[in-house]
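Mind assembling these two chains? They're in different frames, but the hints should get you there.
Letter by letter, the chains look like this.
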Amino acid sequence: MGLNSHPEYAIEADGLVKKFGDQRVVDGIALRVPRGSIYGFLGPNGAGKTTTIRMLATLLQPDEGSAKVMGYDLAKETDQVRQRISLTGQFASVDEDLSGRENLILIARLVGFSRADAKARADELLKAFHLEEAAQRQVKKYSGGMRRRIDIAASIVAAPDLLFLDEPTTGLDPRSRNQVWDIIRALVRNGTTVFLTTQYLEEADQLADRIAVIDHGRLIAEGTSSELKALVGAGRLTVHFQAAEDLERAAVILGSLTQETFEKDERALKLIVPIADHSAAAATISRFVTEDLRIADFSMGQPSLDEVFLTLTGKKPDSPESEGEESEDVHQAG
Amino acid sequence: MYIKQDNATDLQRALTLSQRPGRPGAIGASLTFGWRALLKIKYVPEQLFDVTAFPIMFLLMFTYLFGGAISGSTGEYLDFVLPGILVMTVSMITMYTGIDLNKDIQKGIFDRFRTLPFWRPAALVGALLVDAVRYLLASTIMIGLGYILGFRPAEGFGGLVLGVLVLLLFAFSLSWVWTFLSLIVRSEKALMGISMMVLFPLTFLSSVFVDTSTMPGWLQSLVDVNPVTLVVDAVRGLAHGGLESGLLPIVFLLSAAFVVVFAPLTMYFYNNKK
Chain U
1 MGLNSHPEYA IEADGLVKKF GDQRVVDGIA LRVPRGSIYG FLGPNGAGKT TTIRMLATLL
61 QPDEGSAKVM GYDLAKETDQ VRQRISLTGQ FASVDEDLSG RENLILIARL VGFSRADAKA
121 RADELLKAFH LEEAAQRQVK KYSGGMRRRI DIAASIVAAP DLLFLDEPTT GLDPRSRNQV
181 WDIIRALVRN GTTVFLTTQY LEEADQLADR IAVIDHGRLI AEGTSSELKA LVGAGRLTVH
241 FQAAEDLERA AVILGSLTQE TFEKDERALK LIVPIADHSA AAATISRFVT EDLRIADFSM
301 GQPSLDEVFL TLTGKKPDSP ESEGEESEDV HQAG
Chain A
1001 MYIKQDNATD LQRALTLSQR PGRPGAIGAS LTFGWRALLK IKYVPEQLFD VTAFPIMFLL
1061 MFTYLFGGAI SGSTGEYLDF VLPGILVMTV SMITMYTGID LNKDIQKGIF DRFRTLPFWR
1121 PAALVGALLV DAVRYLLAST IMIGLGYILG FRPAEGFGGL VLGVLVLLLF AFSLSWVWTF
1181 LSLIVRSEKA LMGISMMVLF PLTFLSSVFV DTSTMPGWLQ SLVDVNPVTL VVDAVRGLAH
1241 GGLESGLLPI VFLLSAAFVV VFAPLTMYFY NNKK
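Chains U and A, in that order, are what the protein sequence lines are.
Each residue of the first sequence is one higher than the last, beginning at 1 in this note's numbering.
Each residue of the second sequence is one higher than the last, beginning at 1001 in this note's numbering.
In isolation and in its complexed conformation, chain A is listed as follows (with noise of 0.2 Å):
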């Protein structure tokens, strides 16, 4: 029930706030929106079928589909794709991070983030390293199976670590191309039309299944510069051996051109939003 003398008391109490809090760090600020988003998926575990189901399937589904007509046998195409599948699904689902934010900014909670007096970016750099964490895992959960099935990098496990460090980056990276887009486009459904239609294109027409050079002399020159493809061929290079110098150092310049032109422009429409 309703009691308006107990309420008054207690009600005069929470008002009178002896001594007003500083303004937060930014890194406090930034692990108190990891602390939400670990929330989220505390009450919606269905969410993390992206990051478990989706590598799971995906593997078992290339592997066996394509192994025996592309490489003869599975087991070498396994060695091959899983490099791919690995880049391919952590790529994909970078463009959760912007649905995430896009459903925020249709809600009111969005206006009393922008009313407060933490730093800025904290909103996205905490969902962002959330989702790190979603991509660790699933990338855990993908080479876990990769080594069930026979899977072995010519370079050890070392190797394949580091390769997943480079993925990790360069997702992170690309993430902020889908949180400038859930700001600037109507709806989630549109963000997720939009994302599609350019990572569909982006990982199938790159060396994620197969050898670029088994490809016409037009595609192979527009795969050649697909990130996708250089991401691939990294984590390949890193895990089995054979990659080629440069390539890394181009790679973390594509990472960082990302950030530098999305990030800041994913903050300008941030503070600016209608």
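Pulled out of the complex, with its shape left as it was, chain U reads as follows (with noise of 0.2 Å):
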């Protein structure tokens, strides 16, 4: 181990390049990763993810830059490194054409176990993924949220320190998604650091410790997801109103009160104001309440990271390819 690494890290990468022809996909990318956090890395569609995750796992060399990973040199001691991590990639990576409990045993077989503990681990990982039932079934035949979950039961099978999660819930279900994010918070809570890539915003408010957001190969921001919403500045007051009369009132005295512009949901009957702080929150309804509007409910909350996306990078995260429309059905249900 160098005597410039800091074991508190689990990635240090400084300055990290991948070109891919005359693009670069990676433009100069550093991360610190604290051990035991669960890091979100965050950005749309080709912004550079998977290019970084592929990197520091070990599959692909960095044009420029260096990077620790568990305290050792990803360039140099790449056996080191690979003894400490796991992936999951964005598509299954399991032999489909083998069982759960055959997949598990070759990775176990793999990384160093003998036949027999090869078994048993296989078999502690099919109860604990709940896959017990599925065990002797092909993976081909699996379903979505199954093949997840052998997936990753195949990428703990040594408990590596560090776990990379490539979109790890992309294209599933609420309820299966739900599971891998039960999985996640486990693997935390015993230790493990999870590295993971995601498009849904949610993903990383609701996973990630903390969150650098990647745009174009760079890093556009980095910090925890109330830093990164206090970028952004104001938080942001919901009013729900009784009648259109009411909202309609409402919206000509708020123009009177501030420059801001606000949002106003005539379907929805209500406003949303972005506000400075909560003093300014309790005036503004206050005023509403003096004019007499009837008020259904209120609430204060924090800027969505959708919003926090939008003003760093003057577009909205979604690309409008076709996993734009699942990313929507995974919020709505969220």
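The hints are simulated quantities; they were obtained by calculation from the structure and are not laboratory data.
Check each hint, because a few of them may be wrong.
Part of the chain U face toward chain A, derived, beta carbon under 7 Å [what the hints assert, rightly or not]:
hint	residue
1	L59
2	G89
3	A159
4	N190
5	A280
6	V289
7	F298
Glycine included, each C-beta is placed from N, C-alpha and C at the ideal position.
So, in structure tokens, the structure goes:
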């Protein structure tokens, strides 16, 4: 282990660059991922998330820059790195022609378990991931959620210190997604560091201790979820009214109160107002009350990561491609 | 049903591993990949058609189709052509190793393997070992059928067995060409196309079916340096006698050359595949 490595970091990367032809897919990324945390790597399709993860997981050599993974040099101590990490790729990283149990035994043998230990380990994991009944079935006959579970099970056969998950819940139904989230949380409780990429802002918000936002191969923001939200500034106040006339009058009053643009939703009878702090929110509400507006409900919330992304990049994170639809589904269900 | 409480304890247990196993040995890892290839045969036994039905079909077809015309009798031709068809069949099925590897690459499992700390060539060596078993199966079936039809090697069974061993060595070496190609072509179909384009002329423009002395001079000079011709002549010589001195070392050198050139290339592209 090098003298200048920091044992508190699972990943220390500096100036990572990967070029495909002329294009700098990853363009100078530096990362500090604390051990034992969930680190979210958030960005739209084609932002460079997968390329970064593949470099950190020893699958691609960076064109420039260096990284230490679990204290070992990515370029020079590849084997030591490989003994401590595991990758669950975007597409099922198991052999679909084999059964779930055979897959786990295969991986267990390849990480160095003896024949008997490999079988015991496979059975233990099948039980933990509720795949006992499907153990003897070929993975190609599994449902989407089961596939993801056998995939993650295969990734933790050797109990890695650091687990890379590339879009672990893309395309999953909400129930399966929650199962995957539970597994990830349990992993981290157990001391594993999890580095996950996601296009779902909600997922990063729900799971990650720290979030890096990436766009066009560059980091555009990094911090905890609340830090990122604070970056955008204000929180927001949502006020539901009982009738359309109340909404209309409130909008007029609000227009005289603030220069800020606010959102009026006539169908849901609500106003969404950007607001600096709680006292400003309280003042707005009390003004509505003194004007005799009938308020059905109000709530104060921090901005969503969607808004964070919009502020940072000037565009919505969801790409117009097919994934957009899937992500909508998950958002609503969540 | 998914019961969260239960799951938590089982999961907790599965996540705590008292001792992480050490790096697996090269042989153990290769055998594990061999086991994987055998499992695939278990699930899709039809894939053995190429090493069971093919040899039977080829041998019957060519013996009775060409026998009378070429040698005047099918019996005589069988003695001549069996070593040839044996080499042809086994050479042709070597390409399946590459096709399987190409299928792997297109799936996520390839990435998983490459992040595991085992000896890298194991994935290929293991698969090639099982392929050697498949080649042996094809050879056994063909020779068995040959004996039934009246094939008798002049040097006896022992010479034939030596010939098969030489063939297995050649096939193992040739496979590295396909594993290499499988890593640089874009799809399974492309690989299939390229390998057929190479294998067809290579097996037909050889001494598999006819004595090369009946060919025009320009073709003869081409056919005589064809690796398949060299291997066929070696197997034929070992089985029936009259082995040219110096031919075996040439076949060994040729096989070694395939491995020396294509195994490192394969490993390079395997490790650096995007």
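Structure-based check of all given hints:
A distance limit of 7 Å between C-beta atoms decides the matter here; for L59 of chain U the minimum to chain A is near 6 Å, and the interface restraint holds. Interface restraint check: G89 of chain U against chain A, minimum CB-CB distance 4 Å, threshold 7 Å, status holds. The closest approach between the C-beta of A159 of chain U and any C-beta of chain A is roughly 4 Å, which is under the 7 Å cut-off, so the hint is satisfied. Proximity of N190 of chain U to chain A holds as hinted, the smallest CB-CB distance being about 4 Å (cut-off 7 Å).
Hint status for A280 of chain U relative to chain A: violated, with the closest Cβ pair at about 41 Å, above 7 Å. Taken as an interface hint, V289 of chain U does not check out: its beta carbon lies about 43 Å from the nearest beta carbon of chain A, beyond 7 Å. Annotation: interface hint on F298 of chain U violated; nearest CB of chain A at approximately 34 Å, more than 7 Å.
Checked against the numbered hints given earlier, the structure breaks hints 5, 6, 7 and satisfies all the rest.
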